[in-house]
Structure formats: C-alpha cells, structure tokens
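Visitor: So you can see what is in the structure, the chains are spelled out below.
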Amino acid sequence: MDWKKFTRIGVLAIVGISTAACGTKEANEPAAAKEEVSRISYADIKLGETGKDISTSIKVLNQRTDMLKEDYPGTSWNTYVQRFHEMYPDIQVNIEGITDYAEDSLLRLQGGDWGDIMMIPEVDKSDLPAYFLSYGSQEEVGKETNYITRWLFDNQVYGIPSTAVGRGIVYNKKVFEQAGITTLPTSPEAFIEALSAIKEKTDAIPLYTNYAAGWTMVAWDDYISGTATGNAKYINQILLHTKAPFSDPGDGTHGYQVYKLLYDAVKLGLTEEDFTTTDWEGSKGMLNSGEIGCMVLGSWAYSQMQQAGPNPQDIGYMPFPLTVNGKQYSSASPDYNFGININSSPENQTAAMIFVKWMSEESGFSYHEGGLPIKAGDLEYPEVYQSFLENNVEFVEDEPALEGEEDLLNILNADSELMLFSGGNEKIQTLIEHAANGDMEFDAIMEEWNQRWSDAQEANGVEAK
Amino acid sequence: MKQVAVAGRSRKTFTQWLKSRKGQQAIIILAFTFIPLLLLFTFTYLPFGEMVKFSFYKMKYVGKREFVGWDNYAALFQRKGVVSALKLSLYYMLGAVIQILLALYLATILSMKVRGGNLFKGLMFFPYLINGIAIGFIFKFFYTRGFVLDTVLQWCGFSLENLPFWLRDQSINNWSLVASSVWRYFGQNMVLFVGAIMSVDDTLYEAAELDGANKFQQFKYIILPSIKTIVTLNIILSITGSLSAFEAPYVITGGANGTGTYFVVMNTIAHTNQKVGLASAMAVFLLVIIFACTILQKVLFHFIFRNASADDESYAAKKRGRRAGKEKLV
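Residue numbers (the numbering used here), protein chains in the order written: chain A, 1 to 465; chain B, 466 to 795.
What the hints contain is simulated information worked out from the structure, not anything from laboratory work. Among the clues, some could well be false.
Distance condition first, Cα-Cα at most 27 Å in a straight line; then the derived BS3-like pairs of lysine-lysine [unchecked claim]:
| id | chain 1 | residue 1 | chain 2 | residue 2 |
| --- | --- | --- | --- | --- |
| 1 | B | 763 | B | 693 |
| 2 | A | 46 | A | 59 |
| 3 | A | 233 | A | 125 |
| 4 | A | 173 | A | 267 |
| 5 | B | 680 | B | 586 |
| 6 | B | 685 | B | 763 |
| 7 | A | 173 | A | 201 |
| 8 | B | 605 | A | 199 |
| 9 | A | 267 | A | 201 |
| 10 | B | 605 | B | 586 |
| 11 | B | 586 | B | 685 |
| 12 | A | 267 | B | 605 |
| 13 | B | 529 | A | 125 |
| 14 | A | 125 | B | 523 |
| 15 | B | 523 | A | 243 |
| 16 | A | 243 | B | 545 |
| 17 | A | 125 | A | 59 |
| 18 | A | 199 | A | 267 |
| 19 | B | 518 | A | 125 |
| 20 | B | 578 | B | 680 |
| 21 | A | 243 | A | 233 |
Because the structure is a prediction, the values reported are computed rather than measured.
Could you build the full structure based on these sequences and the hints that come with them?
Guide: Following this line, the structure appears as structure tokens:
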C-alpha cells in the first residue's frame with residue numbers, strides 16, 4: 001500500500017518537474033515589451049528624505065570581491081553598508097561579489113533572478129530597457145551626475161557610474177629619478193628615450209607589458225580615444241565611419257601612435273625579456289619595489305600598486321606621452337555602472353535607486369578608489385591626478401553615439417574581432433609577438449587591422465571614408 | 466451482458482494487475498529507468514540539441530537571434546585560425562603516443578617484481594590527482610626564465626644564455642605544453658595498464674620462462690596480446706583528448722603566442738567575441754572530427770589486432786591457459 005502511494009507520488013513529481021522544466025523557457029526570454037509604469041526618477045530623490053518609510057532588503061551584485069574581505073586596506077563594503085544603514089535603517093543591503101564578473105554576470109542576467117542592483121555587463125544597448133530600469137532622461141540625470149553616457153539608450157540613462165578612471169601611466173618615481181628623468185615625457189620620442197635611460201642606468205624593467213594576463217593588454221585600447229585625439233566624438237561617432245582608423249595620420253597622434261609606442265618599446269628590448277611568463281599579481285609588488293619602471297594601466301591600478309609593497313610613496317601616475325596640438329589629454333570613462341533590475345518590485349527599485357544615489361554622492365566611493373568625481377560639480381580630485389592637474393591635462397569624456405548607432409561599435413567590434421575596449425587582448429598580444437620576433441612590420445599589422453575594420457563596416461553597410 | 470462483464474473484468478484486472486506483484490515491478494522499473502533517462506536527456510541531449518540549433522544562428526548570449534543557415538559552417542572553413550588550431554592537435558597526438566609508450570614500458574617493468582614498486586606507482590600516478598589548473602600554474606613557473614627548469618639545467622652544466630625561452634620561442638612552446646600534459650596523464654595510463662597486466666595468469670609467465678622466453682618476448686607474446694583492449698581504449702581516449710586539449714594552453718599561455726588549440730580558440734570566439742553561433746558550429750565540427758577519428762581508429766586496430774573484442778580475447782586467453790596447463794602437465 002505504502003509502496004503504491006510512493007510510486008504514484010514519485011511519478012507525479014517527475015512529470016511535474018519535467019513539465020515545469022519545459023515551462024520556464026518562456027519566462028527566461030527578455031520581456032521586451034514591458035509596459036511603462038510611472039516610476040521614481042533619479043533626480044527626484046533627496047537623500048535622507050525620500051523613501052524613509054521603505055522597509056525592505058536589496059541585493060547588489062558586483063565585481064569587487066576584494067572589498068568584501070575585512071582586511072581590505074581601503075573602505076570595505078561592510079563600512080559602506082553600515083554608513084548607509086545609519087541614514088536608512090530599514091533598508092537592508094546585501095552585497096554579493098562575483099570573481100569572474102565579466103562572464104558570470106551575463107549568465108546571471110540571462111537567468112533573471114539576480115537581485116536588485118548589478119554592475120551592468122557588456123550587453124547591447126538596445127537590450128537595456130528589457131533588463132534595467134531607467135534613471136530618467138539624459139538632461140535630468142546629467143545635472144546630477146557625470147559620465148552617464150556609457151549606458152544611454154533612447155535618451156534614457158540606464159547606468160550610474162560607480163567610479164570613473166582617467167588614462168595615464170603608472171610609474172615608479174624613484175626609478176625615473178635614478179635614470180635621470182626630471183621632467184615627465186610628453187611625446188612618444190621622449191618616452192622611448194626615458195625607457196632607454198632606465199634600461200641603461202638602472203636594473204629595472206623599463207616597461208612591463210603584462211602580456212600573459214591578457215586583459216591587461218586591453219588597456220592600450222583605452223588610449224586611442226580622447227587621449228590620442230583630444231576629441232570627445234572620436235570613439236562613438238568618428239571611428240565608426242573611418243575606413244582606416246589605424247593608419248598613420250602623420251602628426252604623431254591617434255591609435256597608430258599609441259600602438260606604435262608599444263611596438264617600438266618591445267622591438268628595442270625595453271620590455272621584459274620573456275613576455276609569455278609575466279605575472280600580474282607579482283608585477284604590482286615589482287613596481288612598488290622599483291624592479292619595474294612603468295606600466296600602461298588606467299588610474300584604478302594606482303592604489304593597488306601602492307598597497308602592493310612597502311613603498312607607496314614611490315608610485316606615481318603620469319599622463320600618456322602624447323601631445324595633440326600642444327596639449328595633453330586623458331580620456332575619462334566610467335568604470336562599471338550600477339543598473340537596477342526592471343523586474344524588481346517598485347519598492348525595491350526605489351530602495352535600490354536611493355542606494356545608488358547615496359553611493360555616488362555621499363559614500364565617497366569614487367574618491368576612495370582613486371576615481372574621478374562622479375557627482376556633478378564635485379571638484380575634489382584624488383592625489384593620483386596630481387601630475388595631470390599640474391600639466392594642465394584635459395579630461396575628455398566620450399560623447400554618446402548618434403541615434404540609431406548605439407550598438408554599431410559593438411557590432412563592428414564583434415565582426416572585425418578587434419574587440420576594441422572590450423576584451424580585444426589577442427590583437428595586442430599578437431602585436432607584441434610580431435615586434436619581438438621581428439616577423440611583421442608595424443605598418444603591415446595596422447594595415448591588417450584596417451582591413452578587418454573596413455570589412456566589418458562593409459558587411460554591415462556602414463558608410464565610411 | 467457478457468461483453469460488459471468482460472470489459473468490467475478487464476478493467477478490474479488492469480487495476481488488479483497494477484496492484485499485483487508483476488504490476489508493481491513494472492511500475493518501479495519504469496519509474497527507476499525514467500529518472501536516469503530524464504537526467505540524461507535534460508543534462509546531455511537537450512543542451513546538445515540546443516547547441517546544434519545555435520550553430521545555425523547568428524547570436525550573442527543576450528539579445529536577438531538571427532537564423533543564418535549554414536553560414537557559420539562556411540565561415541568556419543574560411544577562418545585561418547581554425548585550421549592552424551587543428552594542426553596544433555598533432556603536437557598533442559604525438560605527445561599521446563609518447564605518453565602511452567612510456568606508460569606501457571613503466572607498467573611492464575612495475576608489474577614484474579620490483580622493489581618499492583608500489584611507491585613508484587604512487588609517485589608516478591600522483592600528478593593525475595592534482596587539479597589541472599594547479600598544474601597549469603606549476604608549469605607556468607616551471608618554464609619561467611631563470612626559474613625551476615632553467616635552474617635544474619644550469620646544475621647540469623648548461624648556461625642560461627644557451628637555453629631557449631620555453632614559452633616564448635614559437636618553435637618549442639607547443640612542445641613545452643605537450644610535455645606538461647604527458648607528465649600529468651602518463652601515470653593514469655600506467656595504472657590502467659598495470660591493472661590489466663595484473664589480470665594475466667601468472668602460470669603463463671612460468672611456462673614461457675620454462676620455454677626459455679626472455680622478458681621482451683614475454684611482453685610481446687603474453688602481455689601485449691592480453692591487454693590490447695585496454696591499450697586500444699587508452700589510445701582512443703588520448704587521441705580524443707589531444708583534439709580537445711584545453712587546460713594546459715589556457716592556463717599556461719592563455720592560448721597566445723601560437724599555442725591556441727581548438728578549444729581555446731572556441732572559447733575566445735564564444736566568450737570574447739560573443740559569436741556563440743560560430744563557436745557552436747566549431748563544437749559540432751569537432752564532434753564530427755572526433756567521431757571520424759574514433760571510427761578510423763577502430764577500423765585500423767581491427768586490421769592490426771584482427772579481432773580485438775573482449776569476448777575473443779578472454780576465449781583466446783582461456784584457450785591459451787588450457788594449452789599452457791596441458792604443457793605443464795607434459
């Protein structure tokens with residue numbers, strides 16, 4: 001008798017599970033046509049006043065697993081959450097860190113049930129409304145916050161930057177001093193000279209490529225926009241319609257010059273001997289102790305290099321050695337952006353938006369992490385940008401793409417497989433290999449990239465000249 | 466009237482049958498086979514079917530999908546990266562051959578009476594127990610300029626200037642990677658071979674010794690024919706393994722500098738370039754290649770060993786055993 005009941009229940013359960021498994025498929029499809037409900041907008045939120053009556057708990061998905069540790073040398077997540085809790089005692093904030101964020105976050109996003117706030121991963125902009133809540137129009141949010149154009153679609157802002165980084169070179173002041181370099185180089189020639197001086201006069205590796213880690217190579221892409229052109233429209237508007245963006249413009253600017261700097265440094269033996277066995281974690285300590293002269297990385301790397309050894313005072317950050325019409329520039333771009341789940345309950349969405357606003361305006365998160373000011377009108381620059389301010393370097397924020405071309409950069413990137421600014425480390429690794437083996441001239445490599453780029457433009461019917 | 470009764474009875478008999486011992490047995494058997502089949506279907510065949518479907522689409526992980534027919538397969542053959550990645554498998558196949566020969570040699574020696582045999586078996590099997598990612602990191606430092614390998618070679622009298630860059634030099638870096646994978650897997654092959662050799666009847670050796678056969682002849686005429694099934698199996702596993710080599714190049718070199726095997730290239734295309742359709746097509750193509758290789762191997766081995774099926778083997782062994790027994794009696 002019991003047996004019979006057992007098997008009956010068992011069979012029922014199995015049938016139930018299998019039908020449920022078939023049924024969830026539709027639920028996973030992005031709900032593209034979600035009706036617009038009037039929701040709270042970012043600009044309307046007054047911290048400490050709005051939403052005092054909300055009692056809920058929200059979950060934040062992010063990439064900073066190091067900040068979850070209690071021994072994190074900067075301000076840990078725990079501290080931020082506690083401080084937020086003082087202002088909003090009824091809103092619980094749970095932080096979940098993901099180690100391999102760039103890939104895993106996409107899977108979580110696809111899965112649906114991921115929480116209320118997430119650092120927006122690489123999605124197409126046209127998919128934003130299906131996954132994330134709008135903070136308001138560009139004009140409204142722009143009055144409150146800088147760098148909002150990364151996740152702008154249809155004039156709606158979907159991401160508020162957690163922090164923003166400038167682009168320069170992290171270097172060891174002591175090594176530069178020992179090599180007799182008194183003024184920071186502002187041109188590629190002077191930079192190569194400086195590296196040669198380091199090689200001659202010190203034991204340090206002049207420029208460490210961090211080839212093996214891979215993702216550290218993508219940093220080079222970030223210098224071809226504002227830094228190398230001084231033009232805020234370059235990436236999202238001009239590059240898309242340039243047939244041969246990697247050709248030599250003849251005036252020592254643009255992507256050509258940026259990549260040439262790397263090629264020349266490798267060719268002249270100014271980088272580490274065996275690039276295939278570079279060690280990213282170890283390189284931080286080596287820069288700190290003066291075994292490495294400099295590394296080309298965004299300003300986020302500055303604090304990590306300081307914390308990696310006993311000599312934080314030796315670490316400096318200098319502008320990229322390119323001068324466009326007599327002036328140096330640095331592209332400033334947001335790091336990961338906070339996005340709010342469109343499928344959360346309205347109450348949680350309000351709570352989430354309050355938390356995001358608090359993070360960008362009250363927490364000092366960006367300042368603590370060595371980032372550029374996020375709150376509009378905030379002029380407090382962290383010390384990492386000292387030499388930028390001294391040299392009157394202008395920060396350039398990329399303008400958004402024209403309407404209808406929001407996804408064009410992504411499409412061209414994928415089709416050409418150059419993957420500029422997003423995981424295109426392979427092409428730069430190949431560049432280093434060719435430079436080291438001497439089996440391909442620099443101009444020939446640029447020619448190949450041009451070809452891939454214009455092929456992709458042709459395949460997608462993009463007008464280019 | 467009669468018919469109704471029959472219908473009623475048959476219906477009753479069905480429920481009765483369900484309650485009967487036989488019926489209960491049938492239900493339980495069905496329920497029990499249903500669960501593994503369901504799991505197999507949900508976690509193996511369904512995702513595989515989805516992947517085959519993906520290979521006909523131009524798609525990313527998120528966003529719209531566009532049906533493109535055979536375009537992905539066409540693109541696959543036009544890419545230069547794909548063919549060169551497949552060529553890299555040849556390095557690993559050659560490595561697999563070395564690995565099996567080495568394992569067979571050591572297994573034969575260790576299955577004879579060797580002092581400390583178990584210790585050696587344990588030591589050589591040990592690498593297989595280490596996590597593949599950890600092995601990657603070990604070898605990354607092992608091959609780094611001036612680190613372990615260079616230091617050891619310097620003890621042997623080489624000078625650092627004459628030593629190559631193990632991972633940087635494109636003419637040898639693939640061999641370096643293959644060596645790490647041979648080091649990892651030969652112990653496992655060896656243990657399998659030792660196990661198979663153990664099952665060979667001891668009396669055969671005695672008989673052979675009485676006949677004046679030396680160790681090599683014993684290996685050639687007794688051991689090898691008795692374990693050919695396991696040899697075939699190991700070769701098939703090694704060849705498929707070398708077609709899908711991933712961990713060593715992915716962890717040690719990240720697939721850069723001309724070491725990107727098929728799997729590493731596939732991973733880049735799927736995750737960096739987000740061409741999921743193309744990557745799926747690559748996976749399907751690899752499956753076809755593996756099938757082809759396996760079938761080819763079967764045919765080839767059939768030819769070499771004639772009938773290498775297990776039944777024949779045990780039969781032959783029995784026959785041989787009987788003959789050996791008879792000889793002993795004589």
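Visitor: None of the hints should be skipped; say for each whether it holds.
Guide: Verification of the supplied hints:
1. Taking the CA atoms of residue 763 (chain B) and residue 693 (chain B), the gap is about 12 Å. The hint holds against a cut of 27 Å.
2. Distance check on the hinted pair: residue 46 (chain A) and residue 59 (chain A) sit about 21 Å apart at the alpha-carbon level, within 27 Å; holds.
3. Taking the CA atoms of residue 233 (chain A) and residue 125 (chain A), the gap is near 18 Å; set against the 27 Å cutoff, the hint holds.
4. With a CA separation close to 24 Å, the supplied pair residue 173 (chain A) and residue 267 (chain A) stays within the 27 Å bound.
5. With a C-alpha separation of about 20 Å, the suggested pair residue 680 (chain B) and residue 586 (chain B) falls inside the 27 Å cut-off, and the hint holds.
6. A hinted pair counts as satisfied when its Cα atoms are at most 27 Å apart, and residue 685 (chain B) with residue 763 (chain B) qualifies at roughly 21 Å.
7. Taking the CA atoms of residue 173 (chain A) and residue 201 (chain A), the gap is near 14 Å; set against the 27 Å cutoff, the hint holds.
8. Using a Cα cut-off of 27 Å, the hinted pair residue 605 (chain B) and residue 199 (chain A) holds, with the two alpha carbons roughly 26 Å apart.
9. Of the pairs offered as hints, the one joining residue 267 (chain A) and residue 201 (chain A) holds, with about 19 Å between alpha carbons and a cut-off of 27 Å not exceeded.
10. This hinted pair checks out: residue 605 (chain B) and residue 586 (chain B) have alpha carbons roughly 26 Å apart, not beyond 27 Å.
11. Distance hint between residue 586 (chain B) and residue 685 (chain B) is fulfilled; the C-alpha atoms sit about 22 Å from each other, no more than 27 Å.
12. In summary, the hint linking residue 267 (chain A) to residue 605 (chain B) is supported, as the alpha carbons are separated by about 24 Å, within the 27 Å threshold.
13. For the hint pairing residue 529 (chain B) with residue 125 (chain A), the CA-to-CA distance comes to about 12 Å; that is within 27 Å, so the pair holds.
14. A hinted pair counts as satisfied when its Cα atoms are at most 27 Å apart, and residue 125 (chain A) with residue 523 (chain B) qualifies at roughly 18 Å.
15. The hinted pair formed by residue 523 (chain B) and residue 243 (chain A) meets the criterion: a straight-line CA distance of about 24 Å does not exceed 27 Å.
16. In summary, the hint linking residue 243 (chain A) to residue 545 (chain B) is supported, as the alpha carbons are separated by about 23 Å, within the 27 Å threshold.
17. A C-alpha spacing of about 23 Å is found between residue 125 (chain A) and residue 59 (chain A), which places the hinted pair at or below 27 Å, so the restraint holds.
18. For the hint linking residue 199 (chain A) to residue 267 (chain A), the alpha-carbon distance of about 14 Å falls within 27 Å, and the restraint holds.
19. Between residue 518 (chain B) and residue 125 (chain A) the alpha-carbon distance is near 25 Å, which keeps this suggested pair within the 27 Å criterion.
20. Annotation: proposed proximity of residue 578 (chain B) to residue 680 (chain B) holds, straight-line Cα distance about 12 Å (limit 27 Å).
21. Of the supplied pair hints, the one linking residue 243 (chain A) and residue 233 (chain A) holds, its CA atoms being roughly 16 Å apart against a limit of 27 Å.
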